[in-house]
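J.: Residues per chain, in single letters:
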Amino acid sequence: MSLRIPILSFLLIALALPSVAQRTLHGTISTTQGEALWGATVKVKEHPTLGAVSDRHGHYTITLPDTSAYTLEVSMMGMASQARSTTEAERGKLDFKLKEERRTLETVVVTATRTPKLLKDVPIVTRVIAEQEIKDLDLTGIQDLLQTELPGIEFTYSMNQQVSLNMQGFGGNSVLFLVDGERLAGETLDNIDYSRLGLEDAGRVEIVKGAASSLYGSNAVGGVVNIISRHDDAPWSLNLNTRYGSHRDLRYGANLGLHHKWLSSQTNVQATSCDPIKMPNSGDFSTIYGNRTLNAKQRFVLTPVEQLRLTLRGGYFFRERQSSQPSYDRYRDFAGGAKADYTIDSVNDLSLAYAFDQYDKSDYAVGSGLDVRNYSNVQHTLRGIFNHTFLHNGTLTAGGDFMRDYLMSYQFAATNRAYTQYTADAFAQWDFSPQRWLNIVVAARYDYYSEATASHFSPKVNLMFKLPKSWSIRASYANGFRAPTLKEMHMNFDMANIFMIYGNPDLKPEVSHNFNATFAYDQPTYSLTAMPFFNRVSQRITTLWNQARGGMVYENMTPTSISGIDLSASVRWECGLGARLSAVYTHESLSEGGLRTSSTRPLTATARLDYTHHSRSWRYNIGISGRALSAVTVDEYTKLTDPSQTEEQRYPAYTLWKLNASLRYFRGITCTLTIDNIFNYRPSYYYSNSPATTGTTIALGGSIDIDQLFR
Amino acid sequence: MKTTCLFLVPALAVLTSCNGLFGGIYDEFDAAEKPAASSCFIARDADGKGGTLQVDVRPYTTWTFLDLHALQADTANTADSLASADPPFAWDIALHRWDVKTHGGSALSSNYGSVEEAVSAGTLPAEAFVADVDSAVVVDMSTMMEGYLGYSQSMVNPVLSQWIDIDTREMPPIYTLSGRVYIVQLTDGTRAALQFTNYMDDASRKGFATIRYRYPLP
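These protein sequence lines map, in sequence, to chains A and B. Numbered according to the working numbering, the first sequence spans residues 1 to 711. Numbered according to the working numbering, the second sequence spans residues 1 to 218.
Everything labelled a hint here was simulated from the structure, so no lab data went into it. None of the values given here were measured: they were computed from a predicted structure. Keep in mind that a hint or two might mislead.
Said to hold, decoys possible - Subject to a maximum C-alpha distance of 25 Å in a straight line, what follows is the list of computed SDA-like cross-link-like pairs (lysine to any residue):
#, chain 1, residue 1, chain 2, residue 2
1, B, 206, A, 498
2, A, 278, B, 164
3, B, 49, B, 122
4, B, 206, A, 370
5, B, 206, A, 321
6, A, 361, B, 22
7, B, 206, A, 415
8, A, 45, A, 75
9, B, 206, A, 324
10, A, 45, A, 22
11, A, 361, B, 203
12, A, 278, B, 173
13, B, 206, A, 508
14, A, 508, A, 417
Said to hold, decoys possible - Heads up, incomplete: computed chain A residues facing chain B, CB under 8 Å, no partners named:
#, residue
15, 62
16, 334
17, 373
Cβ coordinates follow ideal geometry from the N, Cα and C atoms, glycine included.
Only chain B is shown next, with the shape it has when bound in the complex (with noise of 0.2 Å):
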């Protein structure tokens, strides 16, 4: 009898739980549709040298700008061409789905394993700065299912770009990160780090690239 008692309990208990049991084992993840912009430095380092910074590069038609001297942020929204975007304010760097950018600077790989170490090595590795090149980004998916996809005129830097290998041979496309320390050298002449270390939120959305920095460099 004690047997069936322990049986019916659970057995109530799931008639009354029309939506579903156990909810709390899974993480709540209060994830805005579309987070601002403004919020994309996440968290600042203990000497306000470096920090961490989340960037929405889901949509096709913003470039996110990120200025490391003041530690601020936006978007810049173009309704034909992202060429005609005015960045609002003086910005260092800027993301683009997965195309990165540089206001006028230029950016090298290097081997260093973190952005500290890149802080802590005090010379620059001996590969040569990579300025921005005129390329094209893509700006419009909806094309695609008529097998063609809209571009937009941009520069691009080919060395920070390199962040992520994504391989569409297979669906879902297959993503790399490439794991680098990139140094940035800005128009003022002061350089970055900077280390991507995800391209998923925190709930696993794609399209979050998540970037470790350390600035000014030493």
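Chain A extracted, bound-state conformation (with noise of 0.2 Å):
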């Protein structure tokens, strides 16, 4: 009896200590504008599993173990997410106001140093843009992104349909795109295929415009863009969604999310099509070929323990154009990977990445069902990257890769229809803040090309003066350079009969200079931008007539230099308003002779103007973008072999309006609707780089976060 009474005092004191020790906080989630915000996710950093939803009037109330200090984070799709220490709390409340996912100053980067960095850090100026815009826009593909959100940038037409890229003066060889900073093999007339670039699970894109080659490489003379995949902690998700616009464009998505504890899968599909479209005035095409693709991806993301992450990823894609009725174009590839990210310790981390890419080009014949390959660039990629954070200051990033590029394609000589080349790199960077109002990044590499015989060092340099007031400053020059491709030394390709293009095996590599500087004045509201550049580019590569051989023959051409200025100004004010308005100047040297041969517009902008309003149960965004295109005046040879013979061609200015509205209702069900080129624009005559439209178009699209109906 004497010892009942002490075990059950104990056994009571023991099953009531963590009712007491446990703690209830509550609060309200609301935007910055006020209105509650239903659905939204609150999650305890410290204990994973710990989480609450918040109701329709934005309250939410979640039970935590103890007293200790944790922090909040809250989510929710389409807004910025944030984390508050319950040690804010008062009285056990603890509200919340999110901020709309846009463009922030706090939004971390990755491209332009390979490290993690704040935009507002970050010594190089980079263009992000947020899911929550891609998703507003409504867009497929990464073309109607970049040309919708950057000036400076035109996808034209070149030869047969396929598609082309300028980029400041620059074109689809030498800007580098990448998928979470892994290249893409294959080319079509020197750009990659554009349409493997879903946005599906994009989570946002960052472009560095300028060169990049110290950190990437070949191909990075002009700039870098790489989309970065959407990552989801949430238990699971789904979302269904579809898009249909005139001319039966058709597109239907599905992304699969499932999370748990320390393995989480992303599986995303999408398939489009869109039937041939009819130019209703005459041109340098009459047709645009219809389409089909499929593009499905899937990630593992596995962290056995806390300081590793290892990622496993695999994709297929494929692409029909129906080019003509009894032969097709087919487009497929095959892509995997894998990456371990290891945190050393609290200095050190490390990264190794093995990354695979196919892709492959056949003739689909109607008829016969053969479906034959001419085409396939199989990459194989290793990567090591090292970082080192000093105590003090400073990070020292340092890695390399191995390549094996194997080609086999229809332009080769049929005694020797494949090449393989191994390339080699190692590169450094030292990013350090010697004041509190100055950082510095010095970046060295070495590439070394097996079947180029080629190498090359690109160094570079970054400054960023931080001013007082949100101002700030920034400087750099970059070296550059671009490696002849197996294609521009091997070709061996007869033209239709009528003349024979030949490669070069002593082609040198194009080298850059690239000069810019950014006055930026930056602050949640306001944001403006000024950035001059200049680009001289040497041994740039392309075809000349050469009477000897009878046919056009790669070579080496005299240096040329690409100049301008880059300027935009946007604001987002509490109440929901945005408006950004971006403008380039691009200036490009003429060519030995004097001649104008460049077809890049010398002034480009784009504008948008959006509204977006939240209420409790749903967001509304309606917005207007613009994009303004200068007429461009070029002399064209009119015989290739005499280049003396030329004939001024005039391409006129054109402008293109689209509207977008999208309604989000009830947690996870979207509605979009896109009305492009609203004010009925058709070039009365359509030249290679006027726009593919035939006046005003419609699409409306649905999608649904299933798991958010659930929630």
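Relying on the hints, combine the two individually framed chains into one complex.
T.: Have a look at this one:
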């Protein structure tokens, strides 16, 4: 008896302890405009299994295991996440006011320095297009997104309706496109297959203009576009979406995310199709080929221990272009990869990656059903990157890549249809701040190409001066290069029984010197940026007529320079109204003989005005976007064999405007309306660089986040 | 762990596939660079009175001559001019690129849907037969970049040569088959029905004229 009472008392106390120690917090989650947010997720950073969801009045209640200090993280699609410490709670109440997820100065970017860095601190201007902007615009591919958001970018048709990029004077082979930092295999007329770059799983897109070769190697002379995949920690998520537009422009998509303890999975499938489009006026092309695509991706992320993160991914892409009735062009890609990110300790981390990418082209004969491959580019890449953060100041990044590049092509001689090249590189970067107001990034990279027997050393330096009152000045010099490709070295192609195109194994790499400065005023509401730039590119690779060989031959050309200024201004008020105006002036030097051979439009501008409003259970966004491109006059050769004979060709200016409206209702149901080319612009003649529009078109979209309905 | 293994296996497979994966999903087409003209008759009907022809018309300097009587074919090359090309045997029709000529015969374009329909019709269409005319064919494209082409005088049948329309106003050109069934009157009074069904081979190489034919017509 004497023992029973103390034991019973002990048990009662022990049972009661948790309830005594537990602590309940509550509060309201709303927009900065004060509208309650329904369906926002509240998580405890230190206890990932603890969470709550706000109700229709924006109220949440969460029970914490004890009275220790915790961090509550609140997130909701379309809104920037917010974290607050429980020590900030007053009488058990902790409110959150979320901002619209747009470009904010606190956005973390990775492209400019290959390490995570806040946008406001990055010494190279990085344009970020956030997930919500992508969703509001309801765009399917990277082409539409870049043209809508950025001036100085023009996607046009080259021969046989192959898509060709011009980014402030640089072509498709001088702008590096990455997906989560990985290159893409394959090209057609010097451009990658942009339709591979769907936006169904894009978390954000980062664009860095200007040479970035010291970090990324060849092809980054003009800039880098990096699509960063979305990462979701929710236990499960399922999104189904569709879009239907004029000319039976169809899109279907499904995204499934699963997360359990140390394993998460992300599956994305997207299919598109479009009927052939007959142009209303005559031109260089009369019908845009019909097409269909399928893009499927799978990604697993494993975190067996806190310091280690493993990513395994695979993907399949298919595109069919109905270029003529008896024969279709088919394009396929098989991608895979594995990556390990290991945090060694608080100041050292290591990343090892392997990437596989195979891009095939084939001709599908409709009559016989034969699908014959005539092109295959297979790239295997191994990469290692090590970061060390110095205790007092600065980060050192060092790494290297090894790539095997195999190319089989119908454009090579029948006697040798395939070539292989090995490339190896090493790079290092030191990012430090000797003063609070000064950030310096210096980097260098050495590349070696086996088949081209070429090597190149690319240095760069970036400076950022932080001035009072949100002003900053950035200045940078970068050396860039582009190694001759296997195609440019070994081509042996009979151009429709008309003439031959020959490669040149003696080509030297293109080399560029890029200077730019940026004057910026950046604060949450207003932003102003002016970026003058100057690029000098020598040994540019192009084809020239060779009388002795009776064909075109790849040669290095005399130097050229590209200069200009990039201006941008934006505003976003708390009331939800936002506007942005950007313009780029580009000047390319005349080629030898004083000819204007560049078709880069001197002046281009984009503008957007939009309004977003949140209420308790719905959110709407309405916006108008426009792009204007000036006319350009080009001296075009009338005889390829005689460069002295040219004629003047003027390509007219044009302006296109687009209206977007999106409405999200009851957490996860979203409807979108897009009216493109609202002023019904139709070129009187369709040049290759005219917009491929038939006039005003309409598209309707629908998306449902099924998981949101159950939360 | 199972999931990890499931992905490590394909990852290892990838590592060992230096020159790519899934080659088996494509068809192999072992096309000769320049198939012999003698292999033009690629299929024959069971009754021996028709079949399918496939002619490599890619070269500019070659006529391919077809003998519908003996079912033989051959080419003739000329260094300078096609006009001097000597037919290697008693031929009936000949093809050069998209040009077609007869050996002193004539042709008409019918409304029949197929060569079999031409056989079963039993009567001739009302249209008149058109004989070959003196014309010029392109034999040298090497000077195209200098703004002119090399031509050679030759007889050409204007009706048969309409089997394909090539719209060169845009690049690449738009190729459109007429789909017509042509009736050819040969010099010996016999007649053949021809229908051009493709301008590409099974591997989609342009410059291969595929012809369904019936000969002789009743």
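J.: All hints, please: hold or fail.
T.: Consistency of the hints with the structure:
1. B:206 - A:498: holds, 14 Å
2. A:278 - B:164: It holds: about 21 Å lies between the C-alpha atoms, which stays within 25 Å.
3. B:49 - B:122: Judged against 25 Å, a Cα distance of about 15 Å means the pair holds.
4. B:206 - A:370: It holds: about 15 Å lies between the C-alpha atoms, which stays within 25 Å.
5. B:206 - A:321: At roughly 17 Å apart (the allowed maximum being 25 Å), residue 321 of chain A and residue 206 of chain B satisfy the hint.
6. A:361 - B:22: holds, 13 Å
7. B:206 - A:415: This hinted pair holds, its Cα atoms lying about 21 Å apart.
8. A:45 - A:75: holds, 12 Å
9. B:206 - A:324: holds, 11 Å
10. A:45 - A:22: Satisfied, since the Cα-Cα distance of roughly 17 Å is no more than 25 Å.
11. A:361 - B:203: At roughly 13 Å apart (the allowed maximum being 25 Å), residue 203 of chain B and residue 361 of chain A satisfy the hint.
12. A:278 - B:173: holds, 16 Å
13. B:206 - A:508: Given that 25 Å is the threshold and the Cα spacing comes to 35 Å, the pair is violated.
14. A:508 - A:417: holds, 23 Å
15. 62: violated, 32 Å
16. 334: holds, 6 Å
17. 373: Cβ of residue 373 of chain A sits 4 Å from chain B, so the hint holds.
The structure shown violates the earlier hints numbered 13, 15.
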